[in-house]
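Colleague: Sequence:
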Amino acid sequence: MTASRTPRPRLRTATVRSLALAACLAAAAALTAGCRDDTAPAWEYPRLAATLNSLSAALAQGCATPDPGQCAAGLDRLDTLARRAFTEVLDHRLLDQACLTAESEVRRARTLRLAATATATAQAQGQARQDPRHPALEQARRAVAAEQAAYRRLLAALEKVRTAPPPGAQTQPL
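Following this note's numbering, the numbering of the sequence shown begins with 2 at its first residue and continues without gaps.
Simulated from the structure, these hints should not be mistaken for laboratory data.
You can take every hint at face value.
List time: in silico EDC-like cross-link candidates among lysine to aspartate or glutamate, alpha-carbon distance up to 20 Å:
(1) Lys161 - Glu89
(2) Lys161 - Asp92
(3) Lys161 - Glu106
Computed Cβ-Cβ distance ranges for the label pairs, DEER-style:
(4) Leu115 - Arg85: 19 to 27 Å
(5) Asp92 - Thr112: 22 to 30 Å
(6) Gln124 - His93: 40 to 48 Å
(7) Asp77 - Ser105: 14 to 22 Å
(8) Leu101 - Arg134: 32 to 40 Å
(9) Thr88 - Thr112: 18 to 26 Å
Here a beta-carbon is modelled for each residue, glycine too, at the ideal position from N, C-alpha and C.
Please work from the sequences and hints to get the whole structure.
Modeller: Structure representation (structure tokens):
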């Protein structure tokens, strides 16, 4: 009888060891599958996202009237939001060449729009109100459209920088 009992403890020990090994492998696999960047803290800068959403909404509203002089307040609001967003990008050190190019494009378009609006107002005090196709007004409208397009490009560049993972962030599973 003693001879028949000796294989049983070995069998139990081998079974326990194999179950323990299987449990360890399952735990290691679960830990490895869970070590991805999706468990990392959010890096999408929520304050910057809110500012860019405000800029996008203000840009989508655009100018309600065809008179470029009336659009100045809306474009000035866009400028305030764009400056705030650009400052937040600088605070987070997210700046890249596309953002700088878009920002300087907005500044150039803004300068041209202000000059064209001033010219249209000075040249066509009475004529422009009677003739909506006055050349000075047409030039001012084109300048307003160019500034709005520059703001769209700036918004796209800032959004791209905001949503890009920071340098050194793991984007692949371990």
